[in-house]
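Asker: So you can see what is in the structure, the chains are spelled out below.
There are 2 protein chains.
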Amino acid sequence: MSCDVIGIGNAIVDVLAQAEDSFLDEHGLTKGAMALINPVQADTLYQQMGAGVEVSGGSVANSCAGLASLGAKAAYIGKVSADQLGEVFAHDIRAAGVDFQTTPGPASGPATARCLILVTPDAQRTLNTYLGACVELGPDDIDSKAITDAQVTYLEGYLWDPPLAKEAMLKAANIAAKAGRKVALSLSDAFCVDRHRAEFVSLVDDHVDILFANETEILSLCEVESFDEAAKAIQGRVDVAVLTRSEKGSVVVTKDVAMAVPAAPVSKLVDTTGAGDLFAAGFLYGYTQSLGMKRSAEIGAIAAAEIISHFGARPEAKLSSLI
Amino acid sequence: MSCDVIGIGNAIVDVLAQAEDSFLDEHGLTKGAMALINPVQADTLYQQMGAGVEVSGGSVANSCAGLASLGAKAAYIGKVSADQLGEVFAHDIRAAGVDFQTTPGPASGPATARCLILVTPDAQRTLNTYLGACVELGPDDIDSKAITDAQVTYLEGYLWDPPLAKEAMLKAANIAAKAGRKVALSLSDAFCVDRHRAEFVSLVDDHVDILFANETEILSLCEVESFDEAAKAIQGRVDVAVLTRSEKGSVVVTKDVAMAVPAAPVSKLVDTTGAGDLFAAGFLYGYTQSLGMKRSAEIGAIAAAEIISHFGARPEAKLSSLI
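Residue numbers (this note's numbering), protein chains in the order written: chain P, 802 to 1124; chain A, 802 to 1124.
A portion of the hints provided could be inaccurate.
Identical copies go unnamed one by one, so any copy, or any two together, can satisfy a pair.
[Stated by the list, open to error] Quick list of in silico lysine to any residue cross-link-like pairs, SDA-like style, CA-CA up to 25 Å:
hint : residue 1 : residue 2
1    : 1119      : 823
2    : 972       : 1069
3    : 972       : 1094
4    : 946       : 978
5    : 979       : 826
6    : 1033      : 964
7    : 832       : 945
8    : 1033      : 1110
9    : 1119      : 846
If you're looking for bench data, these hints aren't it; they were derived computationally from the structure.
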């Protein structure tokens, strides 16, 4: 097998800035959520937000960087533009040790996607994404051999927003299934689940082996009121559902058991951006190395704890040295 | 007076990455120094260095951001290109509260300057600068009224590298002198002083009222072997020389006295990028608010301590709340 995990996602450069809660209120932003914005909204919000730090992001791309930092072999498929931020994204993911071959879109097309991230004093992050070149990711960008050769194909729910990317996801999921590989999915965001619930339900039931979701996302998918109901509702529909609950740790739900695993200690909570992405990275690392469900969730918790102790969603420490 | 300090410098976006000492050795880089690199060298080094974080930089631009964060009125003159990184630079310095009006160079010309910064485990930073659009800063970019209206015009030694910028500096220094304003200069880098020593000496003796230098820079300017000799050699040649010595604090040299001021405590040393820039910001804040030499140097030390406790050379904390 040439690689442990191949990820497919929206290739995004994050622009992180500190903001007060009042800024979110004034701009009608929902704390903790991801909102899609058009280029005009992106320009307006950017002008009004504070000085930023640019760091490569993108949910599954962050997970792939985390997997490589843990010592796994990871590859990534995602669309940037042939512009400066596209070069930044491509450099960073390759420098992290991830194989990244997707052809960039033309510089004359939409710019590389940006996510304007406002980090409030409680370390919560609020995402505002201009999808840019991501809308050009399509089935032609899916390398069948790379999918066939990967133990796990990992998809992000956010890919449901750009229409062509949805086709790309389904193509990849079908190739993986045919080759007897596993398909993993992150639900990404409760509002994203709301926008596409029926399709998400079909995807999960028909294609997904490993499902990642946080509490609000799994409640939204299953349309239930409590975490316990959601854990019951998802049981048996996928091989394993990994449900994350921030400081309450995670619950790993398989056909037979629901196992709670505590969160890892965090020295200083700075910015929760990427917590879910790095949890998934840690879990998939353990999964592909056959370390067992419990240890996989523990590694997820350790990777998540590293990422929330600093600004940005790519690991600063070599994660393999932390586990 | 419409502003406390107007700064003129190379407008640069920093690309910060962690690196081992062996990486510096392999690439023949001099730790702690600033090296100028051409676009080809920049591409090669960028490809080989690790995943980065992009943060607006530029020595005097960092100082201006620090001044604004301290509550001073600051303006900045520097040249970016009309490209994505130029937009990032312009956004960040304006969002920091600094007045920035310089017309960007055309997108068809050289790209916005980048400084590839390698931060070694000892938190030392090694700078590799591609000047890009900075070479297009010239006398026409100097706004005479803005210089006349500012209490202090602050220049960076790095401006000696792009030839047109040197003319711009001299134009600004002459306007400031004619208006009875003060001229401040940072020597920037010992190798930069080496490259242009004779011209630096003339500039200091003919135009500079407030001089900032670290230990190696002042030794290079004065061509002496010890710090004490350098402090004596510079005494009386400028109104005040502010000599910084990292963890040993600073020495403020005026015509009559040489006063040592201790460094401020640092909780965690992460990245020394911007230490000198923020020290200058703190000192110039105190100077323009007439707080006296000792208090000005103390504020410089506090601002420098904040900047070296995190990645990047722009303050994360509101500096006015720290003093």
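Asker: Hint by hint, work out which the structure violates, then give me just those numbers in ascending order.
Answerer: 2, 3, 5, 6, 7, 8
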